[in-house]
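**Student:** Given chain A, put chain B in place with the hints provided.
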Amino acid sequence: MSKRETEKERGVQIGISSLILVFTVLCLVVFATLSLASAKADYNLAEKNLKSTKVYYDMDGQAEEKKAEINRLLIGFVREGAGASEMKKELSVSFGENFDAEKNMIEYSIDGENGQQLVVNLKIFDYGDIKEGQENFEVQRWQIQNSEEYEIDESLSVWGGSLDE
Amino acid sequence: MSRSSVSKSHMFLIEFICVVMFFAICASLCISGFAKAETLSNKGLLLNRSVAGAETIAEEIKAMENPTEPQIAGIIEEKNGVEKEITYRCETERNNDILSAKIEAYNGESLLCRLEVKKYISNGGKDE
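Note that the protein sequences, when read in sequence, are chains A and B.
Be aware that the first sequence starts at 1, since it is given in our numbering, and climbs by one per residue.
Be aware that the second sequence starts at 1001, since it is given in our numbering, and climbs by one per residue.
These are calculated hints, taken from the structure and not from any lab test.
Just so you know, even glycine gets a beta-carbon here, dropped at the ideal spot from N, CA and C.
Misleading hints may appear alongside valid ones.
Simulated DEER-style distance windows between Cβ atoms [unchecked claim]:
#1 A:154 with B:1081: 54 to 60 Å
#2 A:86 with B:1045: 55 to 61 Å
#3 B:1032 with A:143: 44 to 50 Å
Here chain A stands alone, though its shape is the one from the complex:
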């Protein structure tokens, strides 16, 4: 046997089994990392969903309390025998700009998180129709809206679709 062949046998052997191992381990590590990252992202999304649902029901609860307060106020006016014009006057004082005397409408909003708010519009019944033991308004709007102004980013000059520009 020549000297060169003997040296080759003594050196570190990297055979086909080592190459297959490197490839398999690489695949395993990549897939394990990907599946872990995906599962973590899914779980984080589920937690965000829970948080936003909680925030919504918190706003909804506050809006229900406000609704109850308004109904009690309306019943109070009738009990006192305030009269229609006096009732409107009192509502204007209590709610300010949020009471539309012409439409007989009260609007209020409950602030939530992430720049959202719950906007409620109540159409108040006529003075003669206000009674105890019922809701003396019709809910016309119970809607989640963005409380922050939406700003369009116009820093990039994007083609608007017209050839004249």
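**Tutor:** Structure of chain B alone, referenced to chain A:
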């Protein structure tokens, strides 16, 4: 057998043992990673389902004209009959004309989610 072929097979055996050991270590680490991902994925799925279920119960309570405790218990019972892994519980409290219901979803004994819903009952809970 010549001396050179014995040396060759020894080298191959050593390499093969190293390969198997390294593979075993890497595979055990990766499998634990896969198992963790599976657990986390199931947890997320349960959380999503429990939130959707709790929301359904909350909306059913809100849709009722005058929800009473037996009616709410009926909704919970119906929901628990459909779900296998999630158990719902609901505690109600009445503060004058505001009904507050705390809906909780459990997987076994571990709490998944809790929602609190309020409803204004204009007739104070009296039947018309």
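**Student:** What hint numbers does the structure not satisfy?
**Tutor:** Violated hints: none at all, because every hint is consistent with the structure.
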